[in-house]
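Position chains B, C and D relative to chain A; hints supplied.
There are 4 protein chains.
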Amino acid sequence: MTQEPFSRRLRAGMVGGGAGAFIGKVHRIASELDGQALLVAGALSSDPDRARASAEAWFLERSYGSYQEMAEAEAARPDGIDFAIVATPNHMHFPVVKAFLEKNIPVVCDKPMTFNLAEAQQLVKLVEERKLVFALTHNYTGYPTVRQARHMVQSGALGEIRKVLVEYIQDWLMTPQEQAGNKQAEWRTDPARSGLGGSIGDIGTHGENLLEYITGLKIGSLCADLTAFVPGRALDDDANILLRMENGAKGILTCSQIAAGEENRLSIRIYGTKAGLEWRQMEPNNLILKTPGQPIQILRTNQPYMSEESNVMARIPAGHPEGFLEAFANIYKLAIADIRRAKAGQPLQGGYPTVYDGLRGLQFITKVVESSQKGSVWVDFAS
Amino acid sequence: MTQEPFSRRLRAGMVGGGAGAFIGKVHRIASELDGQALLVAGALSSDPDRARASAEAWFLERSYGSYQEMAEAEAARPDGIDFAIVATPNHMHFPVVKAFLEKNIPVVCDKPMTFNLAEAQQLVKLVEERKLVFALTHNYTGYPTVRQARHMVQSGALGEIRKVLVEYIQDWLMTPQEQAGNKQAEWRTDPARSGLGGSIGDIGTHGENLLEYITGLKIGSLCADLTAFVPGRALDDDANILLRMENGAKGILTCSQIAAGEENRLSIRIYGTKAGLEWRQMEPNNLILKTPGQPIQILRTNQPYMSEESNVMARIPAGHPEGFLEAFANIYKLAIADIRRAKAGQPLQGGYPTVYDGLRGLQFITKVVESSQKGSVWVDFAS
Amino acid sequence: MTQEPFSRRLRAGMVGGGAGAFIGKVHRIASELDGQALLVAGALSSDPDRARASAEAWFLERSYGSYQEMAEAEAARPDGIDFAIVATPNHMHFPVVKAFLEKNIPVVCDKPMTFNLAEAQQLVKLVEERKLVFALTHNYTGYPTVRQARHMVQSGALGEIRKVLVEYIQDWLMTPQEQAGNKQAEWRTDPARSGLGGSIGDIGTHGENLLEYITGLKIGSLCADLTAFVPGRALDDDANILLRMENGAKGILTCSQIAAGEENRLSIRIYGTKAGLEWRQMEPNNLILKTPGQPIQILRTNQPYMSEESNVMARIPAGHPEGFLEAFANIYKLAIADIRRAKAGQPLQGGYPTVYDGLRGLQFITKVVESSQKGSVWVDFAS
Amino acid sequence: MTQEPFSRRLRAGMVGGGAGAFIGKVHRIASELDGQALLVAGALSSDPDRARASAEAWFLERSYGSYQEMAEAEAARPDGIDFAIVATPNHMHFPVVKAFLEKNIPVVCDKPMTFNLAEAQQLVKLVEERKLVFALTHNYTGYPTVRQARHMVQSGALGEIRKVLVEYIQDWLMTPQEQAGNKQAEWRTDPARSGLGGSIGDIGTHGENLLEYITGLKIGSLCADLTAFVPGRALDDDANILLRMENGAKGILTCSQIAAGEENRLSIRIYGTKAGLEWRQMEPNNLILKTPGQPIQILRTNQPYMSEESNVMARIPAGHPEGFLEAFANIYKLAIADIRRAKAGQPLQGGYPTVYDGLRGLQFITKVVESSQKGSVWVDFAS
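Residue numbers (this note's numbering), protein chains in the order written: chain A, 190 to 572; chain B, 190 to 572; chain C, 190 to 572; chain D, 190 to 572.
Because the hints were derived from the structure by calculation, they are not lab data.
Any given hint could turn out to be false.
Calculated pairs, EDC-like style, for lysine to aspartate or glutamate (alpha carbon to alpha carbon, straight line, at most 20 Å) [stated by the list, open to error]:
| id | chain 1 | residue 1 | chain 2 | residue 2 |
| --- | --- | --- | --- | --- |
| 1 | C | K563 | A | D569 |
| 2 | A | K563 | C | E245 |
| 3 | D | K532 | C | E245 |
| 4 | B | K287 | B | E559 |
| 5 | A | K532 | B | E245 |
| 6 | D | K292 | D | E258 |
| 7 | D | K292 | D | D268 |
| 8 | A | K407 | A | D379 |
| 9 | B | K563 | D | D268 |
| 10 | B | K372 | B | D238 |
| 11 | C | K532 | D | E245 |
| 12 | D | K563 | B | D569 |
If we strip away everything but chain A, and leave its shape as in the complex, we get (with noise of 0.2 Å):
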């Protein structure tokens, strides 16, 4: 019996990313990119009328119009789905994982994983009690490049790392766009929606979770400077961030949505004592590695050269560009072959962004904020 999940595709069903929501596209393409899984339910919506529409326009076998309706009723079927994605704005996170979790039903959720940190630590005992999986989209640890990256800092090839430099900017929060009708606008810049961060939560923390994928390293420290450009919002909107790093490392991590004509500038640097490392989302394909007194290296996608961590990841042969969809779609493979792992009993082999991400993530929004509150100074952020 516990072989069964492997011989068919996995059923999934989704709450929240319905129709106008760009993420729950990006969810149902990136899960069944690879034919492993197939979207057969939903609860796409709150507004009834809405997720009924997504459904149809999605071809799903069974629509909710609640995700505890949604829950009650997969989890009774015998063919029921085989794990749940979540893409509703923050502050439905944590009760909506939690009403699948409690009916053990794998979760893959988006981020940042939940509202607020106390949520995230109860999330945290869940998972572990529970023992089942979850899986956050920290979806840019997905790309080959990324897992190249991180392969090459851990086997030494920067030596020891001094200075590490994050940005993640836009421009689409520039205007008010929260009073022109923008669903996405407004429930980002929405404290009651959103949590303690405007762009620190929406893509700071996704530089945070990339720094600390790749190096290893933790942030010890940091001076962080939010703003608020666009007037009358609430949260912010930029943000530039002084970082210590408990090696001694030091660092910037700056995010921004009122960065005029960027679309989704998304880079990381990294200079240790043998070598500097530059990966930029825009051009994933590309790995750029400077080794002082050698001829700069540009490692691209799917070369033999790479990691075997690295290609596993790629799904068609180097000069074929691979994107944001194929790298969202890993984290939902190494999370699916967990969720089959776990049906056969197997050990579990991760890889994928976990709960334990989530709560670094709400840690670091929390300390972002509460430095920035107190006048922009240094807050430890291990207290």
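Coordinates of chains B, C and D only, in the frame set by chain A:
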């Protein structure tokens, strides 16, 4: 009844493309990516064991030992496939396509369309007679930026075209891979399976198609210098071709599979009396416009200034890179939409490469080889 | 008599910059590049042998053993130098500059202007009293594209500035070069010769100057985290600084000389309410403008759409790359033009960095070091 | 006596290149840039007023009404010029060069070397007889990265060369500038002053020279398609050429002056059995090496891993961009060094383009035009 296909994913079946074939996976992902189709059946290999194993790995519901069997059986089922995908080596394209078309099953076929020009001409007739959807995966025309390029040329932004430079260069055949057990290399360098052209058929036709697609111009005559650099190779692995377009423009098309260090470098440049345009497949979210006396412009996928016909080909916000698979999926998206229309008795809208593009490709291969064999002399394309 | 300088190349004399000093050669080439001046005299080294050898290698007519001797002698000659070039280590700038100014000889001086803030304040007074041309080689402002950037910001193309990101990173001091016989490294890491700042003085001031030059904004306060990563080093080799501009803009300035693999990566990005602008020193003929809702624009050196103040800084047609030496020469071109004007009794026109820029630089170094020493706290720049 | 030139800057005199001529300024700056020569005399224009005004603007000591007068007078002076610079339109190259060589004055001459092949052959004889330094300013070979490219090809890093792609495209003649008062355009499109070739002579020869310089290979035969796109133009403004190298390599050379939006896009790519190499004039401090199975390498000007013959051509540290003028100056640096050696009775060391490169260029023009005029047929280069 005619509305039926609108309320479910279409069912697809693939011939060829089993384990080890790069392009099979591409067709599977691309056909399913938008949630409009599901691969349910296949005759994935002429080797029965491989066919079965591949079908299991992909969780196919029905695996066949031959394409004939598959065409027969699927046509007879009430829940048979809605379209067939042909991903075999070139020499099998025509018989397989024919088998499905004759069962009134629409086809999406890989390129070059057929083994030779005669088959291509027969296929044109067959498609015209059957009035079925037939799409050819000249997938590079699926990029949103390529759609934009076509839009701009056709709307006159470049003025009258004077010069075109097309290249498609790779290095994967720079050594005798066909003697080293590389299945892909074996059939692609084998005149009995590939046809008259080596590199010129495999990738040169992509260049030709892209050129004619974007510019709307036709090649009038050409002078080609084909070479097989690798000793013992029967088909060209490199081509340099002078072009004269029917409108008086001049140009160059070069393709190569022995260009050391190049992955999949396809690019096109078009120079008119008003401006020049450049597109490079390996940075596919950029389209570069150079207008004398004005700053260089980089047009980006899914920005509001792009044409409607470009933006409908994009899925996610600008700055979230879309790549090869997404472009490939666009061909499927357009073809599937027409397959749905056909079932619903609605007029087709096209937008994907057709049997006429396929014919054009075979003419191109034939003329290029003729020119080169006669001593690299000028050959009239139309004659 | 006042017209006399107009009919010949000006005569220049250099202090410091002899054999082995990278920057001496730069000053020689830059000062002569436009055929407006000729280096005829020098006190090129404090080591007499090296001074003589350097002077011979450069075919100087007159070589002096000390700058005092040179100032004395040149002032007394009817064909004495028209201006002096000061290319010594920082601690000698002020005495040397003073010696020439007091002989009424205009000066072009390297940066940072003086050893400390007090000297800078004295120099301001001296220049104001003497009413002589004094130019400071913040050479990066000499790039035509930087002039264009300033023009665009000032003409309102970016709207109100909100965010600025400045970086200047290198790797040449990532190992203890100062202990390995590298003369450059020795004095630059020596507080007795370099002043309070290491990297922050050597390159950080370039960043500060570029920022204030292009934007016309002033730094209001800052929070700096300086580090000396190389063991035993007395001065900073890395700095991360949060900036608050007087107008309310926020930003970051980072500089480093331990950023492994980086050559001379100076860049600036400026985001306003209308558009964003980016300039990178290592691709200096490009200026990137990103306006939301419009294609990215790359503005190129010496194109007709560039402003007059940018194009007068270019020498050769667009597409013929101009680089570091040409930009440096532009500072000389402007300064020499003013020296000619001064001789002719005409009003000066400026355009080059002045004693006030130099003062600003020393204030910057002082405040950055103060912030860092106090525990990386916020320091008011103006106080 | 023979040592005399070593202790001073050489004296140079220019013919042509006066006000308005882009290339005259380039020669002036380039010849003086390294402090090895000073322009003191000139016959800068065939128009006496312009000649005088130009000479004054450049502070020349001696201005002549004609090149004959200049050759005569300078040869007779004890402090006469050490070498002549020829920057006239093509039809005047040979008579001017001849006049100076016959007075035993070395010459640096612009390209193409002569008006036609017959003159080129005579000049070869003359230089061989006189044993004087003669340098031709195929300036692009002066880039340090081009020197490195040659070094790498010759040291076998690329293996045996199979494919070469050369292009040099611009847009400045895409409209009939010659009818709009553009002096440059007038003579360059005039067969009586330019010779047989338009774009092929002006820039195509740079491509041919670069190709043969870097690869050490000779063009064996070619098939050229020349076009004059602008109505009324007597000479080609665009060329597409198939190349067969003597060693069996194949390739393409394209040049154009009607490629809308292109500034000065000269590039070369070379593919061998081991690796591929790419160089682009507009990013001249990069040299790109692509070795199958290894990361892409970007080699940078003046890095320690570059060959000695490359680094002696650089002046300032890596990351401080050097450009067109510096590369041009390198040709002068090498030629002047040989002029000094010749005066000192030392053996010449060369390194700059010679009369044989010039002859090769005229052969190239002649063969290209012959091919095109015969209907774009293959022409043997050597015959």
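Checked hints:
no.: 1; hint: K563/C / D569/A; result: 17 Å, holds
no.: 2; hint: K563/A / E245/C; result: 62 Å, violated
no.: 3; hint: K532/D / E245/C; result: 19 Å, holds
no.: 4; hint: K287/B / E559/B; result: 28 Å, violated
no.: 5; hint: K532/A / E245/B; result: 19 Å, holds
no.: 6; hint: K292/D / E258/D; result: 12 Å, holds
no.: 7; hint: K292/D / D268/D; result: 14 Å, holds
no.: 8; hint: K407/A / D379/A; result: 29 Å, violated
no.: 9; hint: K563/B / D268/D; result: 64 Å, violated
no.: 10; hint: K372/B / D238/B; result: 16 Å, holds
no.: 11; hint: K532/C / E245/D; result: 19 Å, holds
no.: 12; hint: K563/D / D569/B; result: 17 Å, holds
Violated hints for the displayed structure, listed by number in ascending order: 2, 4, 8, 9.
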